[in-house]
Amino acid sequence: MTTLTPATPHAAPGAPREKPAVVRGLSAFVRARETGILLAVLLVIVVTTVKNPSFVFSSDGWRDLLLTPSILVIVAVGQAMVIITRSVDLSVGSVLGLTAYLTGRLFIDIPGIPMIVVFLAGIVLGGLLGLINGALVAFAKVPALVITLGTLYAYRGINVVWAGSDRINASDMPKDFLALGTGQFLTIPLLTIIALVVLIIAGWYMKNTRGGREFYAIGSDPAAAGLYGLRVVRRLLIAFVASGALAGLAGVLYAARYGTVNSQAGSGWELDAVGAAVIGGVAIFGGSGTVWGAAIGAVLLLTINRALPIIGVPDFWQRAVVGALIIGAIVLDRVLALRQSRRLLEAREETK
Amino acid sequence: MLFHTLRTAKARAGAVAAIAVTVALVATGCASSGGDTSASSSAGGNSGNLAITFLPKNLGNPYFDTSDKGGQKAVESFGGTFQEVGPATASPDAQVSYINTATTQGVGALVVSANDPTAICDALNEARSAGVKVVTFDSDTDAACRDIFINQASAEGIAKVQIDLIAKQIGGSGEVAILSASANATNQNAWIEQMKTYAASQYPGLTIVDTVYGNDDDQTSFDKTAALLQSHPNLKGIISPTTVGIAAAARYLQTSEYKGKVALTGLGTPNQMRDYVNDGTVTAFALWNPADLGYLAAFAAKALIEGTITGAEGDKFDAGDLGSYTVGADNTVLLGDPYVFDKSNIANFDF
Numbered sequence: 000m001t002t003l004t005p006a007t008p009h010a011a012p013g014a015p016r017e018k019p020a021v022v023r024g025l026s027a028f029v030r031a032r033e034t035g036i037l038l039a040v041l042l043v044i045v046v047t048t049v050k051n052p053s054f055v056f057s058s059d060g061w062r063d064l065l066l067t068p069s070i071l072v073i074v075a076v077g078q079a080m081v082i083i084t085r086s087v088d089l090s091v092g093s094v095l096g097l098t099a100y101l102t103g104r105l106f107i108d109i110p111g112i113p114m115i116v117v118f119l120a121g122i123v124l125g126g127l128l129g130l131i132n133g134a135l136v137a138f139a140k141v142p143a144l145v146i147t148l149g150t151l152y153a154y155r156g157i158n159v160v161w162a163g164s165d166r167i168n169a170s171d172m173p174k175d176f177l178a179l180g181t182g183q184f185l186t187i188p189l190l191t192i193i194a195l196v197v198l199i200i201a202g203w204y205m206k207n208t209r210g211g212r213e214f215y216a217i218g219s220d221p222a223a224a225g226l227y228g229l230r231v232v233r234r235l236l237i238a239f240v241a242s243g244a245l246a247g248l249a250g251v252l253y254a255a256r257y258g259t260v261n262s263q264a265g266s267g268w269e270l271d272a273v274g275a276a277v278i279g280g281v282a283i284f285g286g287s288g289t290v291w292g293a294a295i296g297a298v299l300l301l302t303i304n305r306a307l308p309i310i311g312v313p314d315f316w317q318r319a320v321v322g323a324l325i326i327g328a329i330v331l332d333r334v335l336a337l338r339q340s341r342r343l344l345e346a347r348e349e350t351k
Numbered sequence: 000m001l002f003h004t005l006r007t008a009k010a011r012a013g014a015v016a017a018i019a020v021t022v023a024l025v026a027t028g029c030a031s032s033g034g035d036t037s038a039s040s041s042a043g044g045n046s047g048n049l050a051i052t053f054l055p056k057n058l059g060n061p062y063f064d065t066s067d068k069g070g071q072k073a074v075e076s077f078g079g080t081f082q083e084v085g086p087a088t089a090s091p092d093a094q095v096s097y098i099n100t101a102t103t104q105g106v107g108a109l110v111v112s113a114n115d116p117t118a119i120c121d122a123l124n125e126a127r128s129a130g131v132k133v134v135t136f137d138s139d140t141d142a143a144c145r146d147i148f149i150n151q152a153s154a155e156g157i158a159k160v161q162i163d164l165i166a167k168q169i170g171g172s173g174e175v176a177i178l179s180a181s182a183n184a185t186n187q188n189a190w191i192e193q194m195k196t197y198a199a200s201q202y203p204g205l206t207i208v209d210t211v212y213g214n215d216d217d218q219t220s221f222d223k224t225a226a227l228l229q230s231h232p233n234l235k236g237i238i239s240p241t242t243v244g245i246a247a248a249a250r251y252l253q254t255s256e257y258k259g260k261v262a263l264t265g266l267g268t269p270n271q272m273r274d275y276v277n278d279g280t281v282t283a284f285a286l287w288n289p290a291d292l293g294y295l296a297a298f299a300a301k302a303l304i305e306g307t308i309t310g311a312e313g314d315k316f317d318a319g320d321l322g323s324y325t326v327g328a329d330n331t332v333l334l335g336d337p338y339v340f341d342k343s344n345i346a347n348f349d350f
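If you read the protein sequences in the order shown, they are chains A and B. Residue 0 is where the first sequence starts when you use numbering that gives the first Met the number 0, and the numbers rise one by one after that. Residue 0 is where the second sequence starts when you use numbering that gives the first Met the number 0, and the numbers rise one by one after that.
Keep in mind that a hint or two might mislead.
[What the hints assert, rightly or not] Pairs of lysine-lysine residues, derived as DSS-like cross-links and limited to a Cα-Cα distance of at most 30 angstroms, are as follows: (1) Lys50/A <-> Lys159/B; (2) Lys50/A <-> Lys315/B; (3) Lys174/A <-> Lys342/B; (4) Lys68/B <-> Lys159/B; (5) Lys258/B <-> Lys174/A; (6) Lys260/B <-> Lys174/A; (7) Lys315/B <-> Lys68/B; (8) Lys195/B <-> Lys235/B; (9) Lys167/B <-> Lys258/B; (10) Lys174/A <-> Lys235/B; (11) Lys50/A <-> Lys235/B; (12) Lys315/B <-> Lys342/B; (13) Lys258/B <-> Lys315/B; (14) Lys167/B <-> Lys195/B; (15) Lys72/B <-> Lys195/B; (16) Lys260/B <-> Lys50/A.
[Unchecked claim] Chain A side only, calculated, beta carbon under 10 angstroms to chain B, not exhaustive: (17) Arg166; (18) Thr208; (19) Ser266; (20) Gln339; (21) Ser340.
Derived from the structure by calculation, the hints contain no laboratory data. Keep in mind that this is a model prediction, so the values were computed, not measured. For each residue, glycine too, the CB sits at the ideal point set by N, CA and C.
Sequences and hints are given; from them, build the entire structure.
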């Protein structure tokens, strides 16, 4: 877990050097944006479990707690990478729908096709669709909001034409593949393990590699990043391909978990993914936040969705709660940003 | 969640293809201006011309493949000529050209499942003025554009069969919950009202403890099923009167600790439910039989062509193996009670 890392290396005020690493790590953890969201998740789980112990302490409850957010976590990680570069990918729901349908079609049209090929096909298709988004954004210089809103409808349109009123059913897909969607390893669902692996790789890349840091630099100030000589176009393409490929992976997993895919699979997921990233502390104007935050945001979003009916909150209020969360996260983001810039100014005055 | 109001395939596709929307608007505009053609214009006609053309919403759709097979069986049984035509995709005005072709060919009757209640009205009325009888099935047009509508099921029938099924599966009494589509789904709400009334009168021990809404979305229906099972520990059964809901609930139950302990029934299609019925997650569920629907529509077309009926309320006609039918209000014929699918018969269906 890292702090809300400012994009430019100079921005961090000098951390007191005399403190031991453990204390520094601990205080960083306490101050991190992600910590607040994590506490919120824990609070939701504790309150719901007190109300109804089977929320955690039953085999179904435990599995659902981990399994339900897994697919959205994967999509949200990709979304966070795009948002950090000051873009947004609204087409992820449609990409997910297309790859989910492709998954079913592959199993129907090519009997006995190995599962790994299906996974690769889903990821490659997702990556290609992401590349189209990225190329349009990077070369046509049209805001990503507009481009991906267009591809959101275009990709869904292709899906509707392709699938029509046809539907993939559980009986069309192999048992092994469907078992992947609900299977567990040491009580941890397989989908959760996949999501964690994706999260760890993406988290490591964004924090520790030159490429990852460039995402933040571009998101903080695209013009400055360009002047500095960063390959903005290349980073943008990578971000969109990653987002598309992860949505593609999520589509394959969607088919495995739900067993039914129609032409509307994944509609509305783009909003959940953006919502998860924003709740998780990824600034909507880029440059700050982490994929870890987005992942925790996804967990919070879906855990609340599951908890509210169990607590007894009526259906109609559940979306209002999610909306309040998103607004709250954005307001908090703004307050923190203002405080941060004030501190930086003070620090500059002092050093003069 | 903003886009949930725009969820239907038509809305999405329409949003993409602005041109298609424009065409559809023009088509509906024309239709409403000419939609008052009276039914009398098609009276008389060519009795004895038993060439019957089936025009489903789209071809390659297993549901309509099944209904058209039923129609073909009926047409062949009374010695007519059967023909099936249709567009590849179910867009609002795609059926117009097929209707015009059938009119030119001078077929005896058209049996149509309408993609749009008004967009094909003009074309149908032209066909009727040329003496072609028009039967709609599965999905109706405006009443002024057809001679007769074959309705697959009534709200009472759908409500009754689901309550009867769940009561049988849980032994007549206990807690039951409903997993519906969206909170403002007209059909589902009407059925749920009927179910409550019917359950109260027939099964006093059966209590409907909760109604939740899965919005015809897999994930939401999933989560709502999980929440139902957790928040009602004494729950014995779930009714899901929507095909998305029942499949999602079955998929959840299949790998849940409640499999076999909580009964599930509702409205589903055999292809969707095959896995869950075969492994015992679901004992029985209901829907109409599309083959019977097509069969009845063909016999209604025959009766219209031969002049046995005009489509007026109270007209009676014979429908082969299905027996005798009477035309009800609004020139509508009701197929009958929904069909129950279980392990013994599910293998016979593919839609």
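Unmet hints by their number, sorted upward, for this structure: 1, 2, 12, 13, 15, 18, 20 and 21
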